[in-house]
Every structure is written in C-alpha cells, then in structure tokens.
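**Q** Sequence:
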Amino acid sequence: MRKSRPKKRILLPDPKFNDVLVTRFVNDLMMDGKKNLAFKIFYDALEIVKSKTEKLEKSPLEIWKKSLENITPAVEVKSRRVGGATFQVPMEIRPERKVSISIKNMILFARKRSGKSMAEKLSAEIIAAFNEEGGAFKKKEDTHRMAEANRAFAHFRF
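For the sequence shown, full-length UniProt numbering assigns the number 1 to the initial residue and increments by one for each residue that follows.
Hints were generated in silico from the structure; no laboratory data involved.
Simulated DEER-style distance windows between Cβ atoms:
hint, residue 1, residue 2, range
1, 152, 10, 38 to 44 Å
2, 100, 58, 23 to 29 Å
3, 34, 153, 40 to 46 Å
4, 10, 150, 35 to 41 Å
5, 57, 83, 52 to 58 Å
6, 24, 80, 26 to 32 Å
In silico EDC-like cross-links for lysine to aspartate or glutamate, where the CA-CA straight-line distance does not exceed 16 Å:
hint, residue 1, residue 2
7, 65, 47
8, 98, 76
9, 40, 14
10, 98, 28
Note that the structure is a prediction, hence the values are computed from the model and not measured. The beta-carbon is built from N, C-alpha and C at its ideal position, and this holds for glycine as well.
Use the sequences and the hints to build the structure in full.
**A** Encoded structure:
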C-alpha cells in the first residue's frame, strides 16, 4: 500500500482468560489455520507450568506474562548504508513490535527445544524465560549487547 497505513485488526480475547495477548500468542503459535489445536497446546502448556511451579504464589498466566516481559527487547540494530559502508545502527523498538518479537522468539525457541509434545516444549521455554534463562532470553541479551557495541553509530538514526 503506497499511501495509507493498513487498518489495525481488532483481536477478540481468548475464551478462558479473556485476554487479547493470549489470542495474539495463539495466532502466532497456530499452523495451517488450526486455531483450536493452538489453543489446546497453549492451555496444556499453562497446565504443565502450573504443575511445575506450585510453590510460587502466581497463576500460570502471570508466570507466562512475566516470562514474555523478560524476553522483550528494548533496542535492536538495523543496517544503514552511509557512504558505501553499512553500519549497524541501534534503534528503539516500538511497543507493538516489542511484543511481537518476544512472542515469536518464545515460540521459535520452544519449537527448537527437545521434548515430546509442543505443550511440554512451550512450558519449558516459559519457565526458562521466567527464570531469565533459555534461548529466547539469550537472544534478547545478544540483541542488547549488539546495540550496546554499536552505540557509536547511534547518530546515523533515520
């Protein structure tokens, strides 16, 4: 689209927790349009999280939200050509993109994990992110380190 910005789609909250963020997560988790299966995987993962973290006085949804918060990057680097040289310029990320990056990283690293079912893999990744470890958290740390290393090129922001 050349002139207009696309309209933001309104997401309906999920049936169990009545939360739009859960729907957004499930939409990214979904493959081949199988949303019911994606919801089942997500809810099963939260049940596994609940059983593994009984000693904490938090609900599985709160643990999931905290783990998403832990893997949400604040800055990222973007390539910028200046006079024939390409610089990695650190830039702040807008809020919607922050959330989508954290969701995508959590799902990506959950899929890479070893385990029997996707629900088990996802629950393991949620708990790892909650404890500030695991692949998704490491990715966030690497992104921040890269931005910090290239802070000298911040004046090339566009």
